[in-house]
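Chemist: Given only the sequences and the hints, what does the whole structure look like? Please build it.
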Amino acid sequence: MKRSFSILSLLILIVITTVKCKKDAEEVVPVVDEPKPTAGFAYVKPDTLKFLEYQFTGSSTNYKSLLWQFGDDSTSVLVNPKHTYRFPGKYKVTLTTRNGQGYSAAKEVVLNVVDPTINYSICGENYMKTIGGKFSVNLEAGAGPNSAEGSSKLVDQDITTKFLQAGFDGTQKCTFELKTPQVVGAYTLTSGNDAADRDPRFWILQGSLDGIQYTDLHTVTSCPWDNTNDGASRRQTKLFHFDNYIAYKFYRLYIKSNRGSRVFQLSEWTINKKQP
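Residue numbering for the sequence shown follows my numbering, beginning at 35 and increasing consecutively.
Be a bit skeptical, because a hint or two may be false.
[What the hints assert, rightly or not] List time: in silico DSBU-like cross-link candidates among lysine-lysine, alpha-carbon distance up to 30 Å:
(1) K272 to K207
(2) K124 to K272
(3) K283 to K307
[Claimed, not checked] Derived Cβ-Cβ restraints for the label pairs, each shown as a range:
(4) P179 to Q247: 24 to 30 Å
(5) I165 to A200: 25 to 31 Å
(6) P258 to K116: 15 to 21 Å
Bear in mind the hints are in silico, worked out from the structure with no lab data behind them. We put the beta carbon where it would ideally sit given N, CA and C, even for glycine.
Modeler: Here is the structure:
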């Protein structure tokens, strides 16, 4: 037994010594840190007439990958991308760079993309208001379009008058047929002078090239005016913006519901070519 124990002890000692020698013989390779990345860029408008187009030039260093985010849900992995925005507005441009070890850097710039044809210091809610053409409704006031509360009062540029239609059933359609197609990007609605339950609550603004096939341009599903009958919410104008770069000849306001009354009222509707 003693002889067997001695042999076993010797074998264990040999194994331990061998393992230790192998570990001692392994070469330890030090990890070398990569240079930290930087993020930098400049931008210009190559053509002053194309105010939506920007050329970006990167000046980043020590990176393995990069990502541009242009603030309008568009991205690029090019070093020097060119980007064209669809609409004027303010956009946060972010360039993020990353090296092979996961270190990153970023630069952000806010671009104010403006239309040079607009004098922003003087234009208001009804800037470049679309007027003219032919106006019609599918459901008229009982006394006719030119009566005291007829449909013509909806587009007479006077918020103290109103269009009132009794027997409202959720199918009211008010239509502008313009003399020539126009690009419309905003509109205003002005509430009536009484009974908040007559205010439109759910409507769709639509555009059409031929007056037959209509495209939904803007939808509202909750009433923007306070549900009170006092002066604060009566004859109050609300401005609505939407994205549209198509010149339609027909624009239609489709009123699908109000706050529950069987009577519909609205003081004024304007459609607008451009808005700041």
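Chemist: For every hint, state whether the structure bears it out.
Modeler: Hint check:
This hinted pair checks out: K272 and K207 have alpha carbons roughly 19 Å apart, not beyond 30 Å. Between K124 and K272, the direct Cα distance comes to roughly 22 Å. Compliance with the 30 Å bound is thereby established for this hinted pair. Proximity of K283 to K307 is assessed by CA-CA distance (about 12 Å); at most 30 Å being required, the pair is judged to hold. Evaluation of the 24 to 30 Å hint for P179 and Q247 yields a pass: the beta carbon distance comes to about 26 Å.
The hinted window of 25 to 31 Å between I165 and A200 holds, with their beta carbons roughly 28 Å apart. Checking the proposed 15 to 21 Å range against P258 and K116 shows it is violated: the Cβ atoms sit about 39 Å from each other.
Figure legend: structure checked against the earlier numbered hints; the only hint not met is number 6.
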